[in-house]
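Protein chains: 2
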Amino acid sequence: MNKQVVLAERPDGLPKSSTWTFQETEIPEPKDGDVLIKQHYISLDPAMRGWMRDVKSYIPPVGIGDVMRAGTVGEIVKANNHPKFKVGDFLSGWGGVQQYTVTNGKGYFKIDPNKAPLPKFLSIIGMPGMTAYFGILKVAELKEGDIVIVSGAAGAVGSLVGQIAKLKGCRVVGIAGGKDKCYYLVNDLGFDAAIDYKNENIYSGLKKHCPDGIDVFFDNVGGDILDAALSKLRMHARIVICGAISQYNATSRPKGPSNYLSLLVNRGTMKGMVVFDYANQYPEAIEAYSKWLQEGKIKSKEAIYEGIENFHDTFLRLFSGEKLGKLILKVS
Amino acid sequence: MNKQVVLAERPDGLPKSSTWTFQETEIPEPKDGDVLIKQHYISLDPAMRGWMRDVKSYIPPVGIGDVMRAGTVGEIVKANNHPKFKVGDFLSGWGGVQQYTVTNGKGYFKIDPNKAPLPKFLSIIGMPGMTAYFGILKVAELKEGDIVIVSGAAGAVGSLVGQIAKLKGCRVVGIAGGKDKCYYLVNDLGFDAAIDYKNENIYSGLKKHCPDGIDVFFDNVGGDILDAALSKLRMHARIVICGAISQYNATSRPKGPSNYLSLLVNRGTMKGMVVFDYANQYPEAIEAYSKWLQEGKIKSKEAIYEGIENFHDTFLRLFSGEKLGKLILKVS
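So the protein sequences, as listed, match chains A and B. Going by the working numbering, the first sequence opens with residue 1, and the numbers climb by one from there. Going by the working numbering, the second sequence opens with residue 1, and the numbers climb by one from there.
Please keep in mind that the hints were generated in silico from the structure rather than gathered at the bench. It should be emphasised that the depicted structure is a prediction, and the values quoted were computed from it without experimental measurement. Just so you know, not all the hints are guaranteed correct.
Since copy identity is lost for identical chains, a pair holds within one copy or between any two.
[As the list claims (entries may be wrong)] Below, simulated BS3-like cross-link-like pairs (lysine-lysine); rule was C-alpha separation at most 25 Å, straight line: (1) K56 x K255; (2) K110 x K291; (3) K56 x K208; (4) K78 x K31; (5) K56 x K207; (6) K3 x K179; (7) K106 x K166; (8) K38 x K301; (9) K31 x K16; (10) K299 x K56; (11) K198 x K56; (12) K166 x K3; (13) K86 x K299; (14) K301 x K31; (15) K255 x K207.
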């Protein structure tokens, strides 16, 4: 049988257990030109909360009654005359929150499980890695010597953004929630400093660690953290809006950044990004990461939980902050 | 005697008559290397409200007890060995809200009163003109065919922004307060449409006049108008933050744009500008305006009030919207 998680209703605020229906269906048969993938790992990402909203966005919302959209890695167990893929191939793609997926292969690509452990294909050499790489290098137009702030710094994207900026000769300060995460950023990942937003005032933290202000702010969080960063911009600062996890479960309108006029005063730029725009440049990023990984210059951490029946509780860790690195669910 | 307006206290909210002291002092004598300017016109600009705040900005605040900073045009009536300027020269510069100014000439430049009426040097061929030109062409990176929205569209900057965009082959919709202003935009200045924010819902107006969304939003106003524009962005839209007149007298923190995540969804850019950055390119703009004026392709309107003693009431017209075009005070 194929265990699936289906969107049952659109949540108002934080998803509840009633948001989802868990169901078991027959394992589907691939039709002519299709493959059947047995999924091993499912990627849990903050962006998924956005896909649950019935609003115009960069991607259509997940429909009520549809299997919840999610990135996956798995192995082909059946193939029916597929022109490109065969049984035993490992594929990364949008398999959704389920154990088996039938697909014609569109949007999937083959990965080599000998090159890296499978979860890495959902983390550093997957979407979060691509987001970090193109976000900090292309969108932020990072320059050597920049003073860089990253929010959600211990997360899948933030931890890579900070490490890339360090590799490029920048001063990097991470904002994260809790002592353990902050310790990890400074002692394991080599950040210059970390601000624990759960136990410190962000404004004082920025004043202390960035007395000369900020050139680049890479924002995954939004809310008060975005406002604090805006208050410290240097001339021609760049803000990358990658996400706003603090606002994704808001039941009223999101909090806009009160300090946005700092963009005027400091001739700053605030720019939104969606990683899919860089799809044709992914090979460049994968090559760079492979080199850095080989040389031991970059680290990625995956927080792997087990069991598709634990999807709901695991998903909520994205918003409670109770995980370190890329959140992944093992479903095989 | 020299009538002056001095900043007496920092206002909380809208300036009151007690914000200013009106005083008369002796007309000063120019020292060696100085000139004495008799001012004819004083420029009243929304930015002046910002200069009254004791905060770090792109320019130091006006000190309590100092003559209020303002742009001026006037004529040299005395010169004391000035290396560059002589009696009879007309100068544009930062003379402040007073009838006479002594200066060494730094920051002033000579204008030719035969080329245009003096008030035009505070409007289309002055700061507002420069702001509009570089804001829409360089900061917004305007392209032919763009759908352009301008707020404060009947103001000194907005009216020029819209006309330049029309000259460059764009569709232009202005947002302004009141039927007269909207009539002026469409019938006198050639805007494609106007939205009267005092009598229309801005969201419905944008839906009606920009069914395909917005490529460029040039914002002088902020607040709800910025939020409405954000809700209509097309892919790769650009927002120029030129001002936020709706927020300048706010007694609580300014309203941040709740819809800022539209920048993410649409890969938009929000960029702040200060016109002084383009000082070395002003001649390019002046040449372009002169040509357009000669060809009758562009119009500028000045709302000229008389008497330095009317400074306070006239200044408030910036915020009540009771004026059309560039607000100027005649003081000679």
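Hints that the structure is at odds with (numbers, increasing): 6, 7, 9, 10, 11, 12, 13, 14
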